[in-house]
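**Q** Quick note, the sequences are listed as chains A, B and C, same order.
Numbering follows numbering that gives the first Met the number 0, in which position 112 of the first sequence is assigned residue number 111; successive positions increment by one, without gaps.
Numbering follows numbering that gives the first Met the number 0, in which position 221 of the second sequence is assigned residue number 220; successive positions increment by one, without gaps.
Numbering follows numbering that gives the first Met the number 0, in which position 254 of the third sequence is assigned residue number 253; successive positions increment by one, without gaps.
Please keep in mind that the hints were generated in silico from the structure rather than gathered at the bench.
Since the model is a prediction, treat every value here as computed from it, not as a measurement.
Hints are supplied without guarantee of correctness; some may be wrong.
[To be verified] Each computed DMTMM-like pair below joins lysine to aspartate or glutamate, with the alpha-carbon atoms no more than 25 Å apart:
1) A:K87 to B:D353
2) B:K276 to A:E167
3) C:K26 to B:E198
4) C:K2 to B:E224
5) B:K242 to A:E55
6) C:K500 to C:E311
7) B:K201 to C:D23
8) C:K2 to B:E210
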Amino acid sequence: MIEIRFHGRGGQGAQVASKVLAVAFFHEGYFVQSFPAFGVERRGAPVMAFLRIDREPIHLRVNIYEPDHLVVLDPTLIGAVDLTSGLKPNGWILINSYQPPEAFRGLKGFRIATVDATSIAIRHGLGSRTNPIVNTAILGAFSKITGLVGMDSITLAIREEVPGKKDENVRAAREAYNEVTAEFHSER
Amino acid sequence: MKKVITGNQAVAYGVILSRVEVVSAYPITPQTTIVEELSELIANGRLNTRFLKVESEHSAMAALIGASTVGVRCFTATSSHGLAYMHEMLHWASGARLPIVMVNVNRAIGPPWNIWSDQSDSLSQRDTGWIQLYCENNQEVLDTILQAYRIAEIVRLPVMVVLDAFVLSHTSEPVDIPSMEEVDRFLPPFCPSYPFEPEEPKAYSVITTPEYFFEFRYKIQKAMEEVSEVSRKVEDEFYVHFKRRYGAIERYGGEKADLLLLTSGTVTSTSRLVVKKLIEQGINVAGVKIKRFRPFPAKEISEAIKGAEKLAVIDRNLSPGVGGIFAQELRAALYPGEEKPVIFGFISGLGGRDITPELIEEAIHYALSHSQPEEEILWLGLKK
Amino acid sequence: MTKRMTFKSVSEMPEIPISMGFMDWNKTGTWRAQRPYYVDKTPPCSASCPVGNDIVSFIQKIAEEDLEGAWRVLREENPLPGVCGRVCFHPCESRCNRSFLDEPVAIHALERFVADDMELRKEKVKREIEKAKEKVAIIGSGPAGLSCAYHLARFHYPVTVFESFSLPGGMLRMGIPPYRLPREVLEREISLIESMGVEIRTGVTLGQNLDWEELKSFSAIFMATGAHLSRALGIPGEKRRGVFQGLEFLKKINSGKKVTLGERIGIIGGGNTAIDVARSVLRLGKKAIILYRRSKEEMPAFEEEISEALEEGVKIRYLVSPIQIHSRNGLKRVECLRMKLGEKDETGRRKPIPIPNSNFFIEVDSLIIAAGEEIEFSFFPKGWERREGILLTQRDGSIGVKGLFAGGDLTSLQRTVAHAIGSGKRAALAIDCYFKGRDSEETLRQILIGEGPSISIFRYLHPDERPMDSHIVRFEELNMDYFEQARRQKESKLPPKVRIKDFREVTSTLPSSLAIEEAGRCFSCGTCNGCETCYVFCPDASILKREGVFLREVDYEFCKGCGICFTECPRGAITLKEEAK
């Protein structure tokens with residue numbers, strides 16, 4: 000079983016990102032379980048979403064406390080919340096940031112990858128300049144760095160799950176797939 | 000067709016596939032997305048259904064009572080305070096013998112204000128004459144809606160399908176969604192027992208003096224007593240069409256076990272993992288999922304627990320002054336029988352706190368290591 | 000199922016508590032101690048209408064948007080609704096029960112609205128098939144004469160109306176200026192009367208080119224010659240040149256004749272004539288000052304007329320009484336005394352008392368005296384009884400001489416158009432009774448509206464159709480739970496500056512939407528309008544309908560006399576009486 004935790008802010012689309020990724024894995028024959036952190040979120044408040052995938056039916060019905068990987072939609076959350084809580088050693092932390100992975104050396108003991116999903120989203124007209132929707136772009140990057148799920152499945156999932164601008168979202172994910180940069184921080 | 004959908008979407012699919020003609024509801028978290036989904040489908044013209052906007056849950060049920068009386072298959076969904084507000088009309092629906100199906104998304108009742116999973120809302124409606132069915136996963140949610148209409152329309156009693164807040168309602172997982180044609184073969188159209196004919200006016204739910212009221216209540220009890228048999232037949236048929244079966248209860252784990260763990264709702268799902276793990280460790284344990292709470296499956300449980308010395312019950316609810324409601328019902332159900340296992344009544348997960356595998360394991364170990372519970376109520380995961 | 004059902008075992012019983020048959024085995028009517036029944040009572044508006052209009056019914060028709068029906072209801076009692084809707088002082092509105100909730104219903108505006116509907120007037124009156132042999136002569140074509148002629152024509156009598164002026168209408172034409180009553184309104188209503196076969200011969204004056212001998216060919220005569228003499232003030236100087244009589248002045252200008260006046264015109268008097276004169280003077284481009292010896296409170300002119308006159312610029316000086324009219328170079332100097340108010344007199348108004356040595360002068364170019372009208376008796380045979388300046392008659396208009404009847408201003412001090420129309424109606428009825436040998440007093444009593452004196456011709460012609468209790472409905476008898484406050488609709492008026500440019504009509508007819516809304520304000524006092532509140536409330540389903548039609552009938556087999564219908568009826572149309580044992 001692989002457990003993934005998404006960090007974002009209310010309104011950014013963390014929940015949809017989790018769901019789209021769940022559908023992508025589903026298309027590759029996985030059992031999936033996608034859910035938001037159950038709460039009363041306001042727009043802009045720090046939020047989380049979760050994804051479990053497994054080759055077996057998933058019976059575990061509790062929150063994810065020790066994720067394998069993190070997807071961070073908003074870099075300003077780093078330091079603001081206990082981002083790496085329970086994250087397994089050497090897990091991926093995929094961050095939406097224009098900065099290179101080296102900029103996040105502080106997150107020791109994990110693999111860091113960054114992608115400027117915000118610029119990509121704006122380029123493809125996703126969301127608005129003040130509130131770009133980055134959740135599809137970052138999934139392209141996720142596919143590339145983890146290799147857990149193929150871009151074809153991501154594309155199919157976006158087409159199924161995203162209500163509007165399907166082509167733009169797919170293109171954004173592809174672009175992120177190509178642009179993401181990764182760095183491995185082994186020292187702890 | 001398999002799709003990754005939430006529990007609430009599974010409800011909506013169940014309703015659509017059941018060819019429901021009237022939906023009336025009032026929004027309340029965490030039920031709202033059910034009605035949102037349905038009203039959108041109706042507004043888009045994808046459903047030939049009337050959506051009645053109402054000003055309260057009381058009115059929502061009242062509207063369905065009217066619709067069902069005239070022979071229309073209908074649906075509503077609510078949670079928590081909304082269900083409590085509906086209370087009077089719940090009695091009315093069963094007293095009038097209307098096969099209404101509703102969904103309650105389990106949520107705590109405040110204060111303290113809380114929107115998370117807790118069975119106290121539905122369980123405090125246990126005496127309203129509704130059949131209550133608790134679901135473990137989203138597939139079961141969809142399937143149970145389809146079965147609920149069948150059962151309700153045979154025994155002429157309303158059915159409440161219950162699912163946990165967020166853990167099912169907002170969690171997406173793969174669900175096999177049958178086609179309309181498949182469901183049509185399983186679920187025939189609704190024919191009311193006392194059709195409404197304007198040419199021949201009748202008064203429904205009329206005043207009934209002490210001379211006859213008693214007998215009407217007797218008939219409701221008799222109908223409740225038929226539910227076990229009817230459900231079994233409905234499930235057999237359902238199995239033929241869809242190859243899935245749930246049962247009033249389900250026993251899983253070791254064939255012969257000294258200790259049985261009894262759970263309902265999604266706690267069962269996590270418990271399956273724990274029981275499996277402990278059996279692998281050589282512990283003689285098994286689990287019982289209680290799906291149907293009303294009528295309480297006393298006979299089925301007596302059968303399933305034969306030979307067990309101890310029963311550990313985890314209740315995600317509290318009847319203050321008594322304890323867990325499932326444990327209480329279980330004690331009452333087993334009292335007349337010969338099997339008298341020791342019952343360990345655990346309360347856990349109130350107000351949506353996670354019931355983790357660790358807590359479940361703790362409960363089992365406690366029961367294994369004690370011949371009798373030290374207290375009437377065992378608080379699982381309480382900050383002591 | 001007509002007997003009571005019983006179940007011996009639970010298996011016989013239905014699954015749900017549902018009615019299995021009917022309750023008609025249970026004749027609850029035998030429990031009844033009080034019996035409700037529908038009988039219309041007299042609404043206060045109709046009771047106070049000198050014409051005897053069926054006000055509630057015609058308004059109800061407007062509310063139902065059945066204007067033709069409203070027109071027919073009005074025409075049952077009154078051939079001059081367009082006239083009355085404009086010039087009547089509407090005592091109906093002063094008595095309207097609605098004024099206890101908010102404001103009275105604008106009855107006059109609704110009457111006018113119906114009368115002005117172009118479509119309705121296209122109605123062609125059917126020529127009467129066969130005329131009776133008795134011919135009737137009517138002297139005077141004012142409202143009394145026209146009303147009498149109209150109803151007699153409906154009773155199939157050949158009627159000839161004699162009018163001394165060259166055009167018919169009497170005081171309606173001569174006394175009322177066109178800005179209150181446009182001539183086309185008067186003419187269309189008169190022509191409708193003529194279309195029923197009434198002959199109007201104008202330019203025929205009794206005592207001049209018509210003598211009593213000629214009238215002997217008629218089986219009955221109705222005298223309605225009116226009151227045309229201006230009352231003199233009895234002060235020195237009132238016969239001087241440049242001093243006019245009010246009614247004479249109005250007759251001249253209303254018949255298109257020129258009157259030479261100065262710029263500043265004094266008018267003496269406080270009645271409707273004085274106001275009509277003053278407002279006409281303004282329309283001739285002059286200034287008008289009214290001199291009245293009492294205060295505004297006591298003025299006999301209608302309040303609305305007074306306020307319209309003031310809006311238009313008429314000046315009124317109260318508590319002044321002319322004692323002599325001086326004249327110098329055409330200019331009139333009116334010597335007046337100031338007055339104060341004393342005790343109430345026999346008319347209920349406070350008496351003016353001169354203040355000694357308060358003499359002062361008012362200067363005017365012309366003076367018009369409008370101090371009231373009197374009857375010209377000179378052409379009447381001697382011996383006709385008179386008292387207080389009017390001809391004495393019975394209630395039915397008979398004057399004690401066989402076949403002779405009288406009405407209008409001739410026989411009444413209440414000199415209004417509505418009273419005149421009412422007296423014409425009563426005379427028509429009396430004449431019919433006279434020809435048929437019926438007791439007219441007894442007949443009249445049976446068709447009185449409320450306590451009278453107005454009568455219902457509808458009930459005379461259709462004695463069994465709509466019986467009416469003479470009880471006049473009080474506000475307390477209505478159920479205010481069913482009514483909400485609602486603003487009274489007002490007819491729009493021309494701005495005062497525009498009005499006085501000429502004699503165009505000041506007030507306009509309500510638009511249809513507002514009229515229908517206004518009609519909805521009527522309580523329909525004492526008159527069932529089929530609202531079905533009783534039907535809804537009756538716990539025994541004893542208010543009957545047949546094929547969906549509300550019957551205003553009670554099923555006494557099942558009515559147990561609970562009285563809920565009586566209590567709930569919004570308009571007091573149901574009566575409850577002790578069941579006769």
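**Q** All hints, please: hold or fail.
**A** Do the hints match the structure? See the list:
| no. | hint | in the structure |
| --- | --- | --- |
| 1 | A:K87 to B:D353 | holds (21 Å) |
| 2 | B:K276 to A:E167 | violated (46 Å) |
| 3 | C:K26 to B:E198 | holds (23 Å) |
| 4 | C:K2 to B:E224 | violated (35 Å) |
| 5 | B:K242 to A:E55 | holds (19 Å) |
| 6 | C:K500 to C:E311 | holds (10 Å) |
| 7 | B:K201 to C:D23 | holds (14 Å) |
| 8 | C:K2 to B:E210 | holds (18 Å) |
The structure is inconsistent with the numbered hints 2 and 4, although it conforms to all the rest.
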